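Asker: Place chains V and F on chain Y using the hints.
Residue numbers (the numbering used here), protein chains in the order written: chain Y, 226 to 565; chain V, 82 to 402; chain F, 14 to 535.
No wet-lab data here; the hints were simulated from the structure.
Computed from a predicted structure; not experimentally measured.
Any given hint could be a false lead.
To be verified - Within a straight-line C-alpha distance of at most 30 Å, the following computed DSSO-like cross-link-like pairs (lysine-lysine) qualify:
#1 Lys247(Y) with Lys494(Y)
#2 Lys255(Y) with Lys314(F)
#3 Lys130(F) with Lys454(Y)
#4 Lys287(V) with Lys165(F)
#5 Lys248(V) with Lys165(F)
#6 Lys183(F) with Lys188(V)
#7 Lys87(V) with Lys190(F)
#8 Lys190(F) with Lys203(V)
#9 Lys376(Y) with Lys446(F)
#10 Lys146(V) with Lys179(F)
#11 Lys557(Y) with Lys67(F)
#12 Lys130(F) with Lys374(Y)
#13 Lys446(F) with Lys428(F)
#14 Lys128(F) with Lys565(Y)
#15 Lys356(Y) with Lys130(F)
#16 Lys203(V) with Lys183(F)
#17 Lys428(F) with Lys356(Y)
#18 Lys128(F) with Lys267(Y)
#19 Lys371(V) with Lys346(V)
#20 Lys261(V) with Lys165(F)
#21 Lys135(V) with Lys183(F)
#22 Lys410(Y) with Lys190(F)
#23 Lys67(F) with Lys135(V)
#24 Lys67(F) with Lys266(Y)
#25 Lys161(V) with Lys19(F)
#26 Lys314(F) with Lys565(Y)
#27 Lys130(F) with Lys203(V)
#28 Lys135(V) with Lys179(F)
#29 Lys188(V) with Lys179(F)
#30 Lys275(Y) with Lys314(F)
#31 Lys336(Y) with Lys494(Y)
#32 Lys128(F) with Lys374(Y)
#33 Lys165(F) with Lys102(V)
#34 Lys165(F) with Lys161(V)
Stated by the list, open to error - Anything over 10 Å on all C-beta distances counts as not near chain F; from chain V, calculated:
#35 Lys109
#36 Ile162
#37 Phe172
#38 Asn184
#39 Asn190
#40 Arg225
For every residue, glycine included, the Cβ atom is placed at its ideal position computed from N, Cα and C.
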Amino acid sequence: MKRYLILISISIFLGSCTKNEKNEINIYSKRHYEVDKLLYKKFEEKTGIKVNIVKAGDDELLERLKNEGLNSPADLYVTVDAGKLQKGVEMELFQKIINDKIDANVRSELKDPHKYWIPITYRARLIVYSKDRVSLDQLSTYEDLANPKWKGRILVRSSSNAYNQALMSAMYANLGKDDVTKWSKGLVNNFARNPKGNDRDQVKAIAAGQGDLAIVNSYYIGLLLSSEKLAEIDAGNSVSIFFPNQAEGDRGTHINISGYAMTKNPPNKENAIKLLEYLTGEEAQNIYVNNSYEYPANPLVNPSDIVSSWGDFKIDNLDLNLLGSFRDDAIKVFDKTGWK
Amino acid sequence: MFLEVKDLIKSYADNLPVLKKLNFQLQKGELLSFVGESGAGKSTFLKCLSGLEKIDGGEIILNGKIISSHNTFIPPQQRKISYVFQDYALFPHLNIRENICFNLDIKFNSNFDSVVSLTNLKSILNRYPHEISGGEQQRACIARSIIREPDLLLLDEPFSNLDSNIKHQVRDEICNIVKKTKTTTILVTHDINDALNISDKILVFKAGVVQQFSNPTTMYCKPANCYCAEILGDINKLSIGKKTFYIRPENIKIVKHSKLSMNAKKCFFQGKDYKIIGLYNNNIWSVFSKEPIKINSKVCFEYLEEDLIYFDKGCSNFFTE
Amino acid sequence: MNTFKKNEKFAFLIFGIIFFPILFLVFTSFFSETESLVYVFENLLLDYSSSTFKLIIITSVFSLILGIIPAWYVSNFRFYGRSIIDVLLFLPLSIPTYIMAFTYAEILSFTGPLKIKADFLQLEILGIILSFSLFPYIYAVSRISFSLMGSKFINMGKILGLSVYKSFFKIIIPLSKPAIFSGLFLVIMEVLNEYGAVKYFGVNTYTIGIFRTWNSMNDTGAAIQLSSILLFIVAFLFFIEKKINKKKLFSYLKNSNPIELINSTINQKLLIYLACLIPIIFSFFIPVLFNISNVIDNFDKIDISNLLQLTINSVSISLISSIIILVVSVYFLFNERFSNSKIYFYINQFISLGYSIPGAVIALAIIIYFTSIDKNIDSINLLGNFYVYLFILIYAYLIRFMAVGKSPIKSGFEKLPKTYDLTAESLGLKRFKIFQKIYLPVNKLSFVSALILVFIDLMKELPIILILRPFNFDTLATQTYEFAIEEMLPLSSIYSLVIIFVCSILLIIFKNIISRINVSRS
Chain Y
226 MKRYLILISI SIFLGSCTKN EKNEINIYSK RHYEVDKLLY KKFEEKTGIK VNIVKAGDDE
286 LLERLKNEGL NSPADLYVTV DAGKLQKGVE MELFQKIIND KIDANVRSEL KDPHKYWIPI
346 TYRARLIVYS KDRVSLDQLS TYEDLANPKW KGRILVRSSS NAYNQALMSA MYANLGKDDV
406 TKWSKGLVNN FARNPKGNDR DQVKAIAAGQ GDLAIVNSYY IGLLLSSEKL AEIDAGNSVS
466 IFFPNQAEGD RGTHINISGY AMTKNPPNKE NAIKLLEYLT GEEAQNIYVN NSYEYPANPL
526 VNPSDIVSSW GDFKIDNLDL NLLGSFRDDA IKVFDKTGWK
Chain V
82 MFLEVKDLIK SYADNLPVLK KLNFQLQKGE LLSFVGESGA GKSTFLKCLS GLEKIDGGEI
142 ILNGKIISSH NTFIPPQQRK ISYVFQDYAL FPHLNIRENI CFNLDIKFNS NFDSVVSLTN
202 LKSILNRYPH EISGGEQQRA CIARSIIREP DLLLLDEPFS NLDSNIKHQV RDEICNIVKK
262 TKTTTILVTH DINDALNISD KILVFKAGVV QQFSNPTTMY CKPANCYCAE ILGDINKLSI
322 GKKTFYIRPE NIKIVKHSKL SMNAKKCFFQ GKDYKIIGLY NNNIWSVFSK EPIKINSKVC
382 FEYLEEDLIY FDKGCSNFFT E
Chain F
14 MNTFKKNEKF AFLIFGIIFF PILFLVFTSF FSETESLVYV FENLLLDYSS STFKLIIITS
74 VFSLILGIIP AWYVSNFRFY GRSIIDVLLF LPLSIPTYIM AFTYAEILSF TGPLKIKADF
134 LQLEILGIIL SFSLFPYIYA VSRISFSLMG SKFINMGKIL GLSVYKSFFK IIIPLSKPAI
194 FSGLFLVIME VLNEYGAVKY FGVNTYTIGI FRTWNSMNDT GAAIQLSSIL LFIVAFLFFI
254 EKKINKKKLF SYLKNSNPIE LINSTINQKL LIYLACLIPI IFSFFIPVLF NISNVIDNFD
314 KIDISNLLQL TINSVSISLI SSIIILVVSV YFLFNERFSN SKIYFYINQF ISLGYSIPGA
374 VIALAIIIYF TSIDKNIDSI NLLGNFYVYL FILIYAYLIR FMAVGKSPIK SGFEKLPKTY
434 DLTAESLGLK RFKIFQKIYL PVNKLSFVSA LILVFIDLMK ELPIILILRP FNFDTLATQT
494 YEFAIEEMLP LSSIYSLVII FVCSILLIIF KNIISRINVS RS
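If we strip away everything but chain Y, and leave its shape as in the complex, we get:
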């Protein structure tokens, strides 16, 4: 028995040793794109600070942060949805990041009013439509998608998807409970098929003629158009892009950000700040736009050529934290109106 006790205490000792500050950063990441890997590597080469990553789903990581509490080895949390960042804020997992350099690097309309998270890129959840079967003048707003004229023509992925949850939260925040429920009901009635697949599949389904328009994220279109496969580029070219709610006085197109938040008790705080400065800087932002086809958070940087060709658009100025606050209500709307 004594031997076991010794073993246990040794392992506990080993465990407690890791808290010391080293030349590294620990990140819990939901973003696992190739471009992130590339940027971390570049950062490492520049500064000698090693970037360690745990990749998992955003909610799992929040759960993990919560359970680890102040003992968490994580310095930063990164995800692709402001709602999840807000959820983490609500769970009291993060601290404010106040840094002028970073602040100057980021477009003001994207910023967290409470300074808990730093946006690095954003994407629009826009409408794509069949070039053959839909004319531009038929399109106007998200609200209009509930119009019976689209019956059996709309494609979208499942309500388990975070982007749809964010969109529904934004609609909820903008329209209020009754109108958003009505809207969702109308939209579900217009579905060409049960929600499934990923965003690209919706575009392919338009190309295949299974529906006429789809709600998708901007950067997936960028990826599709820059694909290695001719068939995918063809599919991408069979649709056009439409930014909804652009009319004079309307609120603008729904967007969502990818962003970083800092944990309550980061073991490597200085390194983390350095990384955020780098990622929001021009060099890194240029690498983002050209690899992941997202929009840059840094106002000095232009989107990639493909993305720029779609033109500028007005961003919905909704406080992105509301995407998190209305999440539960949004999910109830999905369930009530039968959006699977």
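Answerer: Frame of chain Y, contents of chains V and F only:
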């Protein structure tokens, strides 16, 4: 003739024939014991009869119909031949009643009661095969076979899985059932003694050939060769002049005084008498005695001339073609 | 006698430690709020139940068709290429369900090679695709059952007037029911465990429900409760399976003549090749070739050093875990043999149940369990350490995969007559010595085959490693999944192929070992 087997040849690829020109006939209702050593090809023979194997030559005629020949092959499903395997092959997922009635033609349903009472299975109809004894399984298999009123019933080593104490009982039961239903039956066994007193005919089979096909009495008293003589029990060899004769031990009588005597080497108690092994003229002999006999003592005996058996060719061999 | 008691206490302690998180989960579920669960019951449960049920039915039916028919032909007929086909029919087991589903999704999509215009993302199609990678479970058990049965019953069927096809349904299938059911049980558990593919196809199964309540609805309590419900359903199925298989009346398992292969006619040959090659082509060659062509197209994008690193990670974590799993399973099984106490029997039953718990539920249980420990020991930081996470990961694997390692070892042990033990004990050998001197050498092959089976399952495993992996730790499986959900499937192909390749090689070795065991037995 009800069953005729003519020049039956069967061989497996690349090997010597297992059956070389087998010939015999049976009358309806007769019970044949087909005797041969393990691995001699008895099961192959049954498979040829039942149609589980095709034959390579000759023909098999059952009830006036050719069922196997070089250009005819009636599949086993249509042969009206029932086959009781050595390990019974009762279906473990069905109870005894379901086993007996398995795939049974409606026209035989009326046989059910009589077959069940004949095989004495009434009390265990709802049990499963693994819940009943070996003898009961045996009877259930026979019931499953005879309920279909087969032209021919094949029994493959029906006694080999039974304890010796119930063997005789089962044997008599089988004989009884077969005789009552007048089913033509071929019983395959490696031990002729199991079948000697219930068979109408015995066929001794070795090296792919019939050694002897006759009724049991002839078989015992006039074996066709030494092999046949030996498988029916011990036999002693003696030379008179230049000829070699054989005699069964039970035909040798132990007497107080005789000019014939031998030296006892071993003595076993067998229950009803003692078996004495001794040396007579350098041949190993066995005889039976009512009393125990001391080892190395002299045993006097005598026999009747008419009990001597004589083979022309001598006894060292059996027929190979 | 005293030492025996001590052994049992120790074993029970080990067992308790291993399975405590699951009990803890069930226990916690009684104390969670029920509000969300009521919501789930009212709005979603019907959809989840009907989708789960439909998917299980479709996958099961196709797995049965794809598994039993070739097993019947391979077991009974002689035809050219029989032994190769026999191996090839096992190989789809090397392709994880999610890879199979994502690959077919790509093939069937409008931009795939077939330019299919119809909507392929259907529950029914997913069911068929899942059966492509799950049917080998049915094939394997049927194949063993059909061969063990020998020719006796088929011949008897003929004698009793059944055609070959009729005897298949009236004799072979009923006799193989327990074996087939145990294979089917595995298939059903895999469907319940599946996460990535069902989500992509928009099919709402219970596992999706658990993730939805846990993540989107942010309601761990409801997730725990749903998991517990799923656990009870699974436990119920498990006991039904035990019940059915308890009725093993199968004397055919011993003493039966080996099956005699039938020479097939031309027509039969056509059917045989059709029945055997369709599953092989669809569930092995097409996905493998498609992934190979993806790799060739994206050859310049392959990150060799990353690939190498992930392969090392996958192999080493699988190897370490499977060795530990093997040791623990052997420990319990060996003790079951030597102890008169029923406790080992129950422990081993419980271990079998482990495989039926969906990986997501185990991961959830482990997280809740360890964090509650961690919170209570405030001053030390258990969860920050790589090795601690590794330990937790292996812990979770232990719960789920001991059952996989158990069965080959158990059947190996069962072949050793009890008299060996008695003889050895009467010769004065201590238990450990008996193990070392008798069990280890005699069961070497069983141990190796158990190791291989567990290893393959771990290489393919996804939900647990996705949730519980340590820092900077990716495996081939996680990388494949990440590329797939990020809609970059072509880039995942090389990682998929490495998994398929490693698992295939091991399966071939496994198949050889099994036939060697059978040869040495006869």
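Asker: Which hints from the list above does the structure break, by number from lowest to highest?
Answerer: 7, 9, 17, 18, 22, 23, 24, 25, 26, 27, 36, 37, 38, 40
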